[in-house]
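Chains as they are written, first to last, in my numbering: chain G, 818 to 924; chain B, 234 to 727.
Calculated directly from the structure, the hints in this document are not laboratory data. For clarity, every value in this text was computed on a predicted model and none was experimentally measured. Backbone N, C-alpha and C fix where the C-beta goes; we use that ideal spot for every residue, glycine too. Some hints could be false.
Not everything, but these chain B residues come out facing chain G in the computed CB check (under 8 Å) [as the list claims (entries may be wrong)]:
(1) 253
(2) 284
(3) 427
(4) 611
(5) 618
(6) 662
DMTMM-like mimics (lysine to aspartate or glutamate), calculated; alpha carbons at most 20 Å apart, straight line [as the list claims (entries may be wrong)]:
(7) 918/G <-> 556/B
(8) 565/B <-> 863/G
(9) 534/B <-> 863/G
(10) 918/G <-> 575/B
(11) 918/G <-> 908/G
For each label pair, taking beta carbons as the anchor points, the in silico distance ranges come out as [stated by the list, open to error]:
(12) 636/B <-> 834/G: 47 to 55 Å
(13) 245/B <-> 875/G: 47 to 55 Å
(14) 912/G <-> 565/B: 19 to 27 Å
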Amino acid sequence: MLAFAMASALTREQVVAIAALANLDLDSLEIDLFTRQLGSILEYAEQVQRIDTTGVPPTASLVAHGAVDRADVLEASLDIADTLQNAPDADRTRLDGGFFKVPRVIG
Amino acid sequence: MSDVGTVRAARDAFRARAQSATELCREALARIEAVNPRLNVFNTVVADHALARAQALDAEFDRWRDAPLAGVPVALKDNICTRGIRTTASSRMLEQYVPPYDATVVSRLDSAGAIMVGKTNCDEFAMGSSNESSAFGPARNPWDLDRIPGGTSGGSAAAVAARLVPLALGSDTGGSIRQPAALCGVVGLKPTYGRVSRFGLIAHASSLDQIGPITRTVQDAAIALEVLAGIDRADATSASEPVPQFSAALTGDVRGVRIGVPRALVDQGVDPEVGRALADALDTLKARGATLVDVELPHAKYAIPAYYLVSTAEASSNLARYDGVRYGFRAKNDERRTPSHEPLRAMYTQTRARGFGPEVKRRIMLGTYVLSAGYYDAYYLKAQQVRTLILRDYEEAFQGPEAVDAIAMPTSPTPAFEIGERVADPLQMYLADVFTVSANLAGLPAVSVPCGFTAGKLPIGLQFTGRPFDEASLLRIAEAYERDTAWSNEAPTL
Numbered sequence: 818m819l820a821f822a823m824a825s826a827l828t829r830e831q832v833v834a835i836a837a838l839a840n841l842d843l844d845s846l847e848i849d850l851f852t853r854q855l856g857s858i859l860e861y862a863e864q865v866q867r868i869d870t871t872g873v874p875p876t877a878s879l880v881a882h883g884a885v886d887r888a889d890v891l892e893a894s895l896d897i898a899d900t901l902q903n904a905p906d907a908d909r910t911r912l913d914g915g916f917f918k919v920p921r922v923i924g
Numbered sequence: 234m235s236d237v238g239t240v241r242a243a244r245d246a247f248r249a250r251a252q253s254a255t256e257l258c259r260e261a262l263a264r265i266e267a268v269n270p271r272l273n274v275f276n277t278v279v280a281d282h283a284l285a286r287a288q289a290l291d292a293e294f295d296r297w298r299d300a301p302l303a304g305v306p307v308a309l310k311d312n313i314c315t316r317g318i319r320t321t322a323s324s325r326m327l328e329q330y331v332p333p334y335d336a337t338v339v340s341r342l343d344s345a346g347a348i349m350v351g352k353t354n355c356d357e358f359a360m361g362s363s364n365e366s367s368a369f370g371p372a373r374n375p376w377d378l379d380r381i382p383g384g385t386s387g388g389s390a391a392a393v394a395a396r397l398v399p400l401a402l403g404s405d406t407g408g409s410i411r412q413p414a415a416l417c418g419v420v421g422l423k424p425t426y427g428r429v430s431r432f433g434l435i436a437h438a439s440s441l442d443q444i445g446p447i448t449r450t451v452q453d454a455a456i457a458l459e460v461l462a463g464i465d466r467a468d469a470t471s472a473s474e475p476v477p478q479f480s481a482a483l484t485g486d487v488r489g490v491r492i493g494v495p496r497a498l499v500d501q502g503v504d505p506e507v508g509r510a511l512a513d514a515l516d517t518l519k520a521r522g523a524t525l526v527d528v529e530l531p532h533a534k535y536a537i538p539a540y541y542l543v544s545t546a547e548a549s550s551n552l553a554r555y556d557g558v559r560y561g562f563r564a565k566n567d568e569r570r571t572p573s574h575e576p577l578r579a580m581y582t583q584t585r586a587r588g589f590g591p592e593v594k595r596r597i598m599l600g601t602y603v604l605s606a607g608y609y610d611a612y613y614l615k616a617q618q619v620r621t622l623i624l625r626d627y628e629e630a631f632q633g634p635e636a637v638d639a640i641a642m643p644t645s646p647t648p649a650f651e652i653g654e655r656v657a658d659p660l661q662m663y664l665a666d667v668f669t670v671s672a673n674l675a676g677l678p679a680v681s682v683p684c685g686f687t688a689g690k691l692p693i694g695l696q697f698t699g700r701p702f703d704e705a706s707l708l709r710i711a712e713a714y715e716r717d718t719a720w721s722n723e724a725p726t727l
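For reference, chain G alone in the conformation it holds in the complex (with noise of 0.2 Å):
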């Protein structure tokens, strides 16, 4: 099959700057199969195009009553120990009690 037959709704550039968005660093592999992969479920979903939708609200959630306000009243939440038990890097000493640690932001 010749190359300009594979209509496609993205180009691989638009793969590359999506994936930059969404903070993945795809591989060469990666972005040619995502062009493909999601070029034809795009074309797929393209069909809710073709709905006559005008006047219609968009619906967001399905939450029956609304916001659901309480009181602002103080209320104890996880101890930092519980909080970093899971982080990849943290100093767990200073600073009451710790903080995560991150790779060095400023030279």
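Go by the hints and put chain B onto chain G.
Just chain B now, with coordinates in the frame of chain G:
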């Protein structure tokens, strides 16, 4: 070795002191040990934890005697957080994650006297239709080990079908309780959105996710829902609707009940054996006094595109939290492919590249795209409008002049397919969700019950969808059907 019975049987045995909680627990653990290596349905088994719990129940028999799930061994899908017990969502990203808190449903099961025996395999972050996206390999269908158990709660459905536990919890975003229940020949209930707290459920698509029970009988599902349902201040989307005694609604009486059948939807693309099983099931209900009515759900054919646009958008946002900082996997320096002058950003992108599997990445990509500037209106907003139209179709069916009490459809257009058969074509995999996703988009309760087998002895499921918060009617219809059939008594040979 005896099969683990039903929820009802286990509870009654404990109550009558016919079996201790410890005996019930040992039975389940022995069967898991014997069968799980072939089925791969458990990511984690907590034998010591479960036995300690069972002994505590036995030691305080009087306190627990009347608890609704006293002595009942339970398995949880591995995307439901358990304090101190590894919860992976079947992802490398959370392979070592040990939650510091319990999901609300876990606390409720505890208070009801249940014994948690382990965490079940599922599709990674509950994304898939076959359990094949699990980072730990697919669970297998007990009826045919070369076939998928369905997804995403495949481990939970297979565990119940294989008689390892009488009750397992799943979560259902687009059919993930009902479809594996159908393909494994057990009962799977997705409650109304808001009926069961989602607190502690690892989020996939928050406006669609709902936790529910997988059991061998409808009565067991009703008993479990009585325990799981109810408002929870930790989940602002949980509903304050009163929780009736669902098991009391199971009268077997469906005289005058109106059951809608969306013929146009059902007639296209259903496996002939599934079509015949549906027709037989409808005859059975008619013979019990139900009235069958044709209903139109004109927008149901758009449910799959709408679902995959809405759910991936929500997923891309929910999964942004996995960045290697607070919990979960972090790519090490020497594993990072490209040196970068932005080490923090490189840590994020490479952690996510290595921590997530292909299906999760594909959905994050799709969701990011449909939410991005310039495409939002054409895809995401449009899908939300179509969601409204799908919701209105159901409102018309349930409230209009020709109102029905439930809508009957197959749960899955085909029986379980072979492992590996569809992995190369994600769109083909998505299309199999045609009958299940609309209940999530509309927030409606839906239940899958066994309705027969193919000639090759693969289970077929029948789905009923009902009015919001009317699980009682739904379960009554499903249980009435079950009374006339003996499908749930058949067990796979293992």
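Checking one constraint from the list: CA of residue 565/B to CA of residue 863/G, max 20 Å. Satisfied? Outside the cut-off at roughly 40 Å; violated.
Hint check: residue 534/B vs residue 863/G, CA-CA at most 20 Å. Holds or violated? Status holds; Cα separation ~13 Å.
Hint residue 253/B vs chain G: min CB-CB distance below 8 Å? 34 Å, violated
Note whether the CB distance of residue 245/B and residue 875/G lies within 47 to 55 Å or breaks it. At roughly 49 Å between Cβ atoms, residue 875/G and residue 245/B fall inside 47 to 55 Å, so the hint holds.
Closest C-beta approach of residue 618/B to chain G relative to 8 Å, hint status: 4 Å, holds
Is the interface hint for residue 611/B satisfied, with its Cβ closer than 8 Å to some Cβ of chain G? 6 Å, holds
Check whether the Cα positions of residue 918/G and residue 575/B lie no farther apart than 20 Å. This hinted pair holds, its Cα atoms lying about 16 Å apart.
Is the hinted pair residue 918/G and residue 556/B satisfied, with a Cα-Cα distance of at most 20 Å? 12 Å, holds
Holds or violated: the hint that residue 662/B contacts chain G, with Cβ atoms closer than 8 Å. 10 Å, violated
With respect to the beta-carbon atoms only, verify the hint that residue 636/B and residue 834/G lie 47 to 55 Å apart. 49 Å, holds
For residue 918/G and residue 908/G, compute the direct alpha-carbon distance and say whether it is at most 20 Å. 7 Å, holds
Using 8 Å as the Cβ threshold, decide whether residue 427/B counts as touching chain G. Holds, about 5 Å.
Violated hints, in rising order: 1, 2, 6 and 8; the structure is consistent with all others.
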